[in-house]
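Assemble the complex: chain A is given as a structure, and chain B must be docked to it using the hints.
These protein sequence lines are chains A and B, in that order.
All residue numbers for the first sequence refer to this note's numbering, where the first residue is 1 and numbers rise by one.
All residue numbers for the second sequence refer to this note's numbering, where the first residue is 1 and numbers rise by one.
None of these hints come from the bench; they were simulated from the model.
Cβ coordinates follow ideal geometry from the N, Cα and C atoms, glycine included.
Just so you know, not all the hints are guaranteed correct.
Claimed, not checked - Derived, one-sided and incomplete: chain B residues facing chain A with beta-carbon distance under 8 angstroms: (1) Pro114; (2) Glu115; (3) Glu159; (4) Leu165; (5) Ala168; (6) Asp171; (7) Leu172; (8) Ser175; (9) Val183; (10) Thr184; (11) Pro186.
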Amino acid sequence: MPEQPSPADRPRSERAMIEIRSVTRSYGAFKALDDASLTIGEGEFFSLLGPSGCGKTTLLRMIAGFDNPTSGSISVAGQPMEGIPANRRPTNMVFQSYAIFPHLNVEQNVAYGLKRLKLQGSEEKRRVEEALAQVSLTGLGKRLATELSGGQRQRVALARALVMRPKVLLLDEPLSALDKKLREQMQVELRRLQQAVGITFVLVTHDQYEALAMSDRIAVMFGGRIAQVASPKEIYQRPVNRQVADFLGGMNFVKGEIVEENGASLVVDTLGFGRIKTDKPKAFVRNGGSATLGIRPERLRVLWDNATAKFEVAGKVVERHYFGEITHLIVEIPGLEKPLSVTETNDFGADDIPVGTSIRLAYEPEALVAMAD
Amino acid sequence: MRALRRFLSGGWLPAYAFLYVVFLYLPVIFLPIFSINTAATPKFPLSGFTLHWYEDLPRTPALLDAAWNSLVVGVSAAILSTVLGILAARSITRYRYPGRRTINGLIMAPLVLPEVIVAISMLLVMLQLGLSLSLFTVVLGHVLVCIPYSMTVLTSGFEGFDRSLEEASADLGESAFGTFRRVTLPMVAPAIISSLLVCFTISLDEFIIAFFLTGTEATLPIYIWGQLRFAAKLPGVLALGTLLLFASFLLMTVAEILRRRAARRTQNEGGLYA
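So here's chain A without its partners, still in its complex pose (with noise of 0.2 angstroms):
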């Protein structure tokens, strides 16, 4: 994974672009989203990641106006978007079926926005002639909707939407819809796109792997509320609860006793681990004696032969699953009740490692996170 620019649970930028404060939307008794707050910095990638029905998509659409918050409030570069309609917002959408307006060739399609903005002819050109060259779709203006490939529609939809130079770009799953390679491929692009333009860039997705790759930073979601905001690498190392951990990957969860707390770090006995003493979470909320730990499969390596490590656990292999680039190792240990998860790269041949092998793992303590149950 590439690292991260952008340490921290802040905005990149100083400057707020979007701030949601208390938003609430209901539907009747049901809540689509509770009570979200969130402020997105100007020219950030920022990622609204969470399963269907969490309120993702819900919070996307009002701030585009398509839907207005039951309370609370949205507004975009300092304005207040309350009673302004979806057509007099500074921002543009990414349709997750892209909506390409079948009747019009590539070019009016891209041109269809600035038409309201009466620009000269010769400059309207030049925009979406630009427009085009920013999606690589240069050449291809006079064709119809309907002889496009999902990825040169997706990226009609894209030109369409930045020919408008908004403040904002709303993204609904934009890549749902396309094959694994090319998903990986324009996850890059976007993402190139957006350091290029510099445009706040809004993305819905439920797809973990895009919003770590592509973002800034992650608002994670659940029941219409927001879980855990921050960086990629916070966000996958340490999350909060139980929760975003499982969403973001796999985690193999420890239970403990906490035996020694202070400001900065915090000491557990656990079964199958022993004594560990691991940082503590700022938003740590002890609840009673006992703590969840977690590690993350990738962090608990194979230790070979004779090799040994200062912090080391031992156990059986009871199932082993191949992967091409890495294997897939469930590890019983004695005193944890469920085995552990391990993935291991196939350089030294743990695909080769027959089930029922005893073997030992080795980890950093500090892999452990305590987390919120």
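Quick look at chain B alone, frame taken from chain A:
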């Protein structure tokens, strides 16, 4: 079951299909054949070829009046029922509300009601309302029978119309009216034209309702019915009927092509395919 299958696989199915089509279209074919026959009575063998009956048509003032009346009624009924059909089809395809299916069913009902009953009921209502019978009352009657057809054509054009197309237009700065003009209308235009053609054709050919609801002015089918009393006028009627037949056939074909184009346009875009 097995007997039926043996019957069907024994080459009977194509024969049955052939007979069915012959039964359906043979009478229709007689119409143009006898309309170019020199004899005044429709009888085989044919006596000779002539276009005389066609040449006579424009020289009959009563016929021209009837044709003009039919045109006026047809165009009015087509426009009215299409406008009402657009509103109904949009509501049925776009919104979800209680009673949607019932309303749809009620709108489609005139399709299966006995036309003579509809005609008599309409006559009673018109008289109760104090309307004097004229081409206007015929238009009202035709609107009633045309709307189901108009609805069928329009819903197939509107269905699957991706709502995000209208949202995309608004998102790009267009007003509600501008969106209707620049996106919705061009997308559904083929379906609208198709509906106009279908309604016009139905009104042009409709007899029973026109017969009950018209005053002194005849439409083409009423004129034809009046002419049938005179044996000598039969070839002229056949010629006129042939023209109507071809006109209807042509209009319906164009309408169907447009309807399919509209459906393909909207439905292609509705789905997610990469």
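A quick look at each hint next to the structure:
no. : hint   : result
1   : Pro114 : violated, 42 angstroms
2   : Glu115 : violated, 38 angstroms
3   : Glu159 : violated, 15 angstroms
4   : Leu165 : holds, 5 angstroms
5   : Ala168 : holds, 4 angstroms
6   : Asp171 : holds, 5 angstroms
7   : Leu172 : holds, 3 angstroms
8   : Ser175 : holds, 6 angstroms
9   : Val183 : holds, 6 angstroms
10  : Thr184 : violated, 11 angstroms
11  : Pro186 : holds, 5 angstroms
Checked against the numbered hints above, the structure breaks hints 1, 2, 3, 10 and satisfies the rest.
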